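Two independent chains are provided; combine them into the complex using the hints.
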Amino acid sequence: MVLTEELNTPQDRFGNLLNSKHGTYILPLITTLLLFIGWELAVRLFSIPEFILPAPSAILAEIPQWGGAVAKNAWTTLVTTLLGFLAALALGVLLGFMIGYSKLANLTIYPLLIGFNTIPKVALVPLLSIWFGIGAVPAVITAFLLAFFPIAVNVAIGLATVETEMQDVLVSLGASRFEVFQKVGLPHTMPYLFASLKVAISQAFIGSVIAETVASNGGIGYVILSASSNFNVPLAFLALLALAVMGVILYSFFMVLEKRFVHWI
Amino acid sequence: MTEQLSLATSPQVETAAVLEFRDVGLQYRMSGRPMPVIEHISLSVGEAEFVSIVGPSGCGKTSLLRMISGLNPVGKGQVCFRGEPITKPLSSVGIAFQNPVLLPWRTTLQNVLLPLEVVPTHRRQLKNQRSRYETMAQDLLATVGLEDFQHHYPRQLSGGMKQRASLCRALIHQPELLLLDEPFAALDAFTREEMWELLQRLWARSQCTSVLVTHNLREAIFLSDTVYVMGPRPSQMVYTLKVDLPRPRTLDMCFTEDFHQMYTELRQHIQRK
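So the protein sequences, as listed, match chains P and C.
So the first sequence is numbered by my numbering: it starts at 3 and just counts up by one.
So the second sequence is numbered by my numbering: it starts at 187 and just counts up by one.
Looking at chain C on its own, in the form it has when it is part of the complex (with noise of 0.2 Å):
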């Protein structure tokens, strides 16, 4: 059933693609069974590039994004970071989960800093330039709003806010790869509207190849150059949409014919198995 495919046979190296799947497949073991999850995912992302990965639940979106963030194995196939296979961690990724995540017991700014401390290149120099990166984290925080919220600690914040300051936390340490992982499912519509809006200057900002996991196909549209649909288990790529729409893109824009067009074309999509 399971097709041995050499990497031979798909040699779909594209220079410009910072992040590349070949071939990708992954199995878990339910009560000593193997179940497929995921198979044959092929696809590319280029440099500056915003994409978003929507499917139905359970397909093994987060899987893949584990996957590129090196906390998964990569099951069959290959997943490559600038042409290097990925085989652990990679301090040039960041990452923001569903939940925000931020310690407890360090304040806004010390969270925001906690990759800093971790990422070996600025490891070193964190100590003798405390202040420059202090600075460096109170700018970003100020692109969020939350420069009067620096010193507070995570239970003073709002949801909203929360996440706002695991998006700082994602992007202090200049990641080239953004990874997000339905940062935003647990907010409510409006916080979530404005999200997008901040999410959108943040990447211009910061030109971070990005990849988004997301339920919400108004989100993927409205973030992305490129939207994925998964489908059911086992999944497979089913559909690629490109989106056009230029940029920087407004809230407005979600109401337009073009959007909602894209909107009804992945929404089919996604419906058939």
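Chain P extracted, bound-state conformation (with noise of 0.2 Å):
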């Protein structure tokens, strides 16, 4: 009895630690720390040079002389991806409404979409800086093309798999069609276009580094680049941190977002 009372006291703490609200940041914090110093340690164990694999601490000890620069490339590149993904936000609901509802759509401007999606972008950046010059410009667009995408597919499943029975209910009281997709199509998409909101914005972060390593001479991706061309990995290292970081903190926005918004499933 004593035994067993002792073995499950931490396994009863660490289930409710799983369950509770706090594991979903407590947790995940863990492994990431875990991560570091396992990382820490095998540098120092295997004495790994600072050009191939700089330990942690020694990428933290760059931010004295580097923080200020990465900051203000991570804010450039945070912008960067911001514009492209609220205009693949803007054009990804569009398509979606037009390819969800609109039949004539659906057989004409999807194929053509599922055509442009199947070309990797990194193609496109060389023509774009031919088009656009270098800068900010080719890497919002970039983001955008890359974002708006899953957007558009996630609107139109989302407003074509709407459930017939439910709009008969509103459409047998007489309910106009735009009642019905107030009542039924619009809440009936909301899971769907929070889903990939999520995709889309780490897809938009991912066009802006490209097009930035690519052609432009600010950003993350161009600190990285130069950063290695100089083989100051560590900076590179903290550079790749950044966008981590930034990723981390994006991605978590949108979930709390669609917990907010779509907060029946």
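A couple of the hints might just be wrong.
Stated by the list, open to error - Short, incomplete list of chain C residues facing chain P, as computed with Cβ under 8 Å:
id, residue
1, Gly-256
2, Ile-272
3, Leu-276
4, Trp-291
I should point out that these hints are in silico values taken from the structure, not numbers from a laboratory.
Here the structure is a predicted model, which means the values were calculated and not measured.
Glycine included, C-beta positions come from ideal geometry on N, C-alpha and C.
Structure follows, in structure tokens:
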């Protein structure tokens, strides 16, 4: 009896943590911390040279010298990403509505979109830099190009998969087409839209960094490119770290937004 | 083959009829060829009458119901509500389907209130008198035993609870006509019988003219004043049974000699091809 109780208590505590609200951020924080500790130990244990894999401590040691520059460029990347994402949101929702509601659009525009989406967007960046020069514009456009497709597809699927019976409930009461959309189509599409936003923001982020490494003189992508060409590997890693932190923050933001707006799932 | 019938030859206009089928027919197009589903159906349903339509699968029972609801156009003939041919959905009709189709993003109470947001007469008053309407919905939910579940979401309810909520939604706007399309088909036998008693109570309370489509003959007899039997496709009404059991009916009545006789009678007419 005593033995089982002793064994049970920490397990119970862990189970409580798994199911509690705090577990959703405490557990990832712990794994991140463990990862960094393991990384630090591995680098020291095997004495890996800094220009191949710098230890976390060496990366953080770059902050006093490069922290300001990385923050400034991170800001540039963030603005670029958000601009591209907002444009993608607008066009994605519009296209999604057209494809979801119109059979004609579904048969004409949708196949074009699929064809276009199969092109790796990195391949377009050199062309974009010919058309728009070096700078933020190609990055915004690349972010936009990567982000609008998941939004358009999900909105279209959300609208197209509304159960007829659900609409019948309203139609049988004499509801107008707009009322049916407002009360059934729109809420039914919300989970699809918000799921796509999480994907889209990550895609937009990838897009802007890709464009920055190819055709830009600012942003995190540019920092990584120039740091690696100077063999300043710790700085490149500091920039990567900044990217990861921003990515997680953006994703979490949309996750919280989703929880608020799609509370019934 | 299909004879043209003019309305003048069938003047069955009864003043008391709430709902009337005047020589109604329906065809589907199957790979380009017309296929008759329903032929020459004429019947009338009186004020506060409870009517059931039974028949073999695919005989067009649900099509009949959808014509009344205005969701499907009437093929041949006319379906009239209080003397007016039905051409579009009417807000004085309440429907419950086989699936409860509650909106998953709304609580039980919000689902029940849904018709009030759409039906014009209520929609105008809903903003000002929200609490009065909510009390109305809560009362209705209480009669079906869902008072403790009004703030739950559909995913938190059992199948029977969802169907009870769906019945409340069909009745909240005080419809003059209640249409029930096999509403209990997906429920287990015990829950189903509970729902019969429940529906009988709701019907007695609302005094709503009701049309039930079902496969279950006991259910039809238990609930109805009149049971119509449809034949196989192309369907016509092959038999009409007047149920004269006293009301309120109890589940014990299902085991009486009278009940059994009616059951056998219906059964025979359904089998006859």
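Now the hints, each set against the structure:
| no. | hint | result |
| --- | --- | --- |
| 1 | Gly-256 | holds, 7 Å |
| 2 | Ile-272 | violated, 11 Å |
| 3 | Leu-276 | holds, 7 Å |
| 4 | Trp-291 | holds, 4 Å |
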